[in-house]
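Protein chains in written order, with the working numbering: chain W, 30 to 558; chain U, 30 to 558.
The hints are simulated quantities; they were obtained by calculation from the structure and are not laboratory data. Glycine included, every Cβ here is placed at the ideal spot set by N, Cα and C. Do not take every clue at face value.
[Said to hold, decoys possible] Derived list of chain W stretches under chain U, where covered just means 3 residues or more per stretch with a C-beta under 8 Å from a C-beta of chain U:
1) 248-255
2) 326-336
3) 458-468
4) 545-551
[As the list claims (entries may be wrong)] Which residues of chain U face chain W? A partial, calculated answer using Cβ under 7 Å:
5) Met-445
6) Trp-524
7) Gly-543
8) Trp-545
9) Ile-552
Protein chains: 2
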Amino acid sequence: MSIAGKNIIGFEEVAAGTEVLRAYNPVSNDWLPEAFTVATTDEINRAVDKATTAFRTYRNTTPEARAVFLETIAEKIMEAGDALLQRAVAESGLPLARITGERQRTVSQLKLFAAVLREGSWVDAIIDPAIPDRQPLPRADIRKMLIPLGPVLVFAASNFPLAFSTAGGDTASALAAGNPVIIKAHQSHLGTNELVAKAIQQAAIQCGMPDGVFASIIGNGSTIGQQMVKHPGIRAIGFTGSFNAGMSIFDAVTQRAEPIPVYAEMGSINPVLLLPGKLAQGAEQVAQQYAASITLGTGQFCTNPGLLLALEGEATERFAAALQQQLAATTPSAMLNRSICYHYYENREQLARKTGVETLFAGVSLVEQTQGSAALYRVSGKHFTTNQELQQEVFGPASLLVVCSDEEELQQAVQMLHGQLTGTVMGTDEDLRYFSELLDRFTEKAGRIIFNNVPTGVEVCYAMQHGGPFPATTDLRSTSVGASAITRFARPLCWQDCPQQLLPDALKDANPLGIWRRVNGEITREAVK
Amino acid sequence: MSIAGKNIIGFEEVAAGTEVLRAYNPVSNDWLPEAFTVATTDEINRAVDKATTAFRTYRNTTPEARAVFLETIAEKIMEAGDALLQRAVAESGLPLARITGERQRTVSQLKLFAAVLREGSWVDAIIDPAIPDRQPLPRADIRKMLIPLGPVLVFAASNFPLAFSTAGGDTASALAAGNPVIIKAHQSHLGTNELVAKAIQQAAIQCGMPDGVFASIIGNGSTIGQQMVKHPGIRAIGFTGSFNAGMSIFDAVTQRAEPIPVYAEMGSINPVLLLPGKLAQGAEQVAQQYAASITLGTGQFCTNPGLLLALEGEATERFAAALQQQLAATTPSAMLNRSICYHYYENREQLARKTGVETLFAGVSLVEQTQGSAALYRVSGKHFTTNQELQQEVFGPASLLVVCSDEEELQQAVQMLHGQLTGTVMGTDEDLRYFSELLDRFTEKAGRIIFNNVPTGVEVCYAMQHGGPFPATTDLRSTSVGASAITRFARPLCWQDCPQQLLPDALKDANPLGIWRRVNGEITREAVK
């Protein structure tokens, strides 16, 4: 399939604008030839208008129809075949094996939400039947369930050109819940975006979905993105990216006449507690695990471990030496784009210059080659607890080891941590018992607590939580990965004394969908009698 | 129990400030004698600090312990007896029967959340056990559930001195979920607040809850309230009141370094669709129902029907005439406070002066007596659909009848409605069939859709939704009434590969609490094998 470089608005492709963008290959260090036309204001308005109209039909589609739609998107993505894989590799610098795995993840996510729709209980159906003879007043018949919000704007992420982008988690969950989706394509992988957007468009046509259920818009985040955020027809926003970009979206939303839900996942330094028993047992093994995690995907995972907290001691010294050695032995690899690479070296140099920070290892700067080399820094707990800036994320294969002089300092370091996607505890059973109060504090800081493993790797399943307290995200009540993500683009609606035939199937007495519901306070799949 | 006029911070009472406030009796039109000392900045900081410390203990209490705490609060409120009822009557102007009923509602709410805690499934426990032999990679053990957020700031509402105030729905749900609560007492019912706050304090002491689990702060919303909203230790906010006060809180939150959930319920005009078949069948009966609903509690319910939408015709004329007659026959009654009463007359006069608005009936102004007299206005669909200002709430016993010239105009009127707590449909079965598309649009505008009844009256049950799209609330994903409210002050936390003994009971393999959980995607109460 050739690249057309156009905006996709429902079933049409448009490119009335004059400005163009091009994607960059960070491995060959060359601009890719295809030109992508930035959307005009008219085109953006048309996308939102079409989505608004499509919503009226789409929100009333059956769960089964939407499940088939999601599965068809997955099929069409697979049909895009090698052309898609190669384009994603060229635009991201990620190896083919990783992109192939990411495609599998993307397809699995779509299928997971199809399964969630067929199982059906996600709508949280609650039924309190009428009690006509209650004293002193009868009780009305009251029922509620989740319904979709309306057109959702999704910003594609740079670090997952497939799984967190055009047909990624936010798109899948928003479509599953019954919302049209408008994608703001990421500048770094415009060709990948087009191929996936076409797959969604084809699936929509094949499944008889309304024109406007999906659109893909080309443009810069700071101009086109801001314009879309402020459009009154947009009812919710999903974003994965940097703190600055996320906050500019969040701040723009405060300028809207109507506030809307904003799920911006903005990065995290993913602190790791290296407890003394564990290090004493095997400092070298932990170092090996962490060298691999820090450099995985050139350190460009949201859950990359950027902060290691330990207590002073011989085992910590062994760990530091081993980690330094392991990182020095890694080979630099391509970063996602030139801006990310430039900021990686700039940020790590800024970190290195901060008071009390010692450079244990810093690979040579390969900014011209768009490659990231590993780095490891060290600072005392005393310096860490007196300088909030040491918590600034360095996006890339770098980590900061904080060595605390005693348990009180460690407690203090944990207490002042900003909000995080993940927190990891490396500890023996005895460590976990001894530091139980510290662990309790630690849980207040993150969305997911991992025991004796690395934070990189986010399983797509029912129980996953990928989110956390600010500044990790702007809304700690939600996850962007896993089955629960379907509720982020939904709201409860209550029907009082509604005739049976007008109720959604999920709320009908007979429970035709066979879903789990709460009836008179009890969880059941039985019909209402 | 005598009134001390102090701020209650955990187990101590403080009043170091110099400024005082007094409550007003809107029936006798006199200031009540007791002086209430406005909190100092130090006292506010102390309340938040104590709540922050208390949170560490309180969030780890068992559901059973919190259930007993809530029930004990209910007991202590009942023990406050006639003194509490009389004080609430004096400070609100509401009749004794209404206040007695509201006390019952308050106590029932506390007991409902106790029942929710004992049933236990509200934590949404999800378990995906490890799959060690999965190919190509093993799956970790991943579990999640809802945990509390931290200190919650609750603004007491003027219109429900008990049920939406000191021990009202937000306090009950926040405490139930495991969060300390800090109340910003309402200036109108400071004595009622103190009596209830003391009941909560006594219950906390009796139940062995940590010092700081509850505080009550005295002061104006525009000064003390704003200061509290911006305090970094506050983790979420609940509010019920006017649009202006709600938005000033919402805007203040955007100035915080960390965004937090804000549930501001800000009012609603609760549109009613009067479909033609229904009016033809019994215009007079509908008018009688609505005259009672418009004037219930002097029109001071959040769900008061302030907008009636009908189609031109003989039945609508009969309805208008009957409603006008019924409202003229009502007796004016006390309003909650002088400010509300003043604004009621001011707002209804402003409405009356708008282009195209006809006054069908307006009772004499009784602003000096702090009493509200009923009023009914009429406007054409043409004027309504061209003037957004006609949707401004007139808080009090007034309503605006919009008469549309045809179905298209009615559709247009519905389409441009702002977000609402409720929408009501008065229609025969045939009406409902014929206007099905209109009803579909209508559901996009509200949190609860009521069929053939009045919107006033909000049942406290599992399926209730009291919330809705902006400007009805700042967060349409939540309810302030009913069992689901417990989730508004909670967030998901995920444990990965956590040893059994460190997991919360709700996530342990054995399911010691016997709650419903999702295990491997299936809803079950079985233990994990």
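Outcome of the hint check:
Given a C-beta distance limit of less than 8 Å, the hint that chain U covers the segment 248-255 of chain W is violated, as 0 residues qualify and 3 are needed. For the segment 326-336 of chain W, the stated coverage by chain U is violated: 0 residues have a C-beta nearer than 8 Å to a C-beta of that chain, whereas at least 3 were required. Counting residues of the segment 458-468 of chain W whose CB lies closer than 8 Å to any CB of chain U gives 4, which reaches the minimum of 3, so the coverage claim holds. Figure legend: the segment 545-551 of chain W, annotated as covered by chain U; annotation consistent (4 residues with Cβ-Cβ distances under 8 Å, at least 3 required).
With a cut of 7 Å, the hint placing Met-445 (chain U) at the interface with chain W is violated, because the nearest CB-to-CB distance is about 12 Å. Hint status for Trp-524 (chain U): holds, given a least beta-carbon distance of 6 Å to chain W, under 7 Å. Hint status for Gly-543 (chain U): violated, given a least beta-carbon distance of 12 Å to chain W, over 7 Å. For Trp-545 (chain U), the shortest C-beta to C-beta distance to chain W is roughly 5 Å, which falls under 7 Å, so the interface hint holds.
Hint status for Ile-552 (chain U) relative to chain W: holds, with the closest Cβ pair at about 5 Å, below 7 Å.
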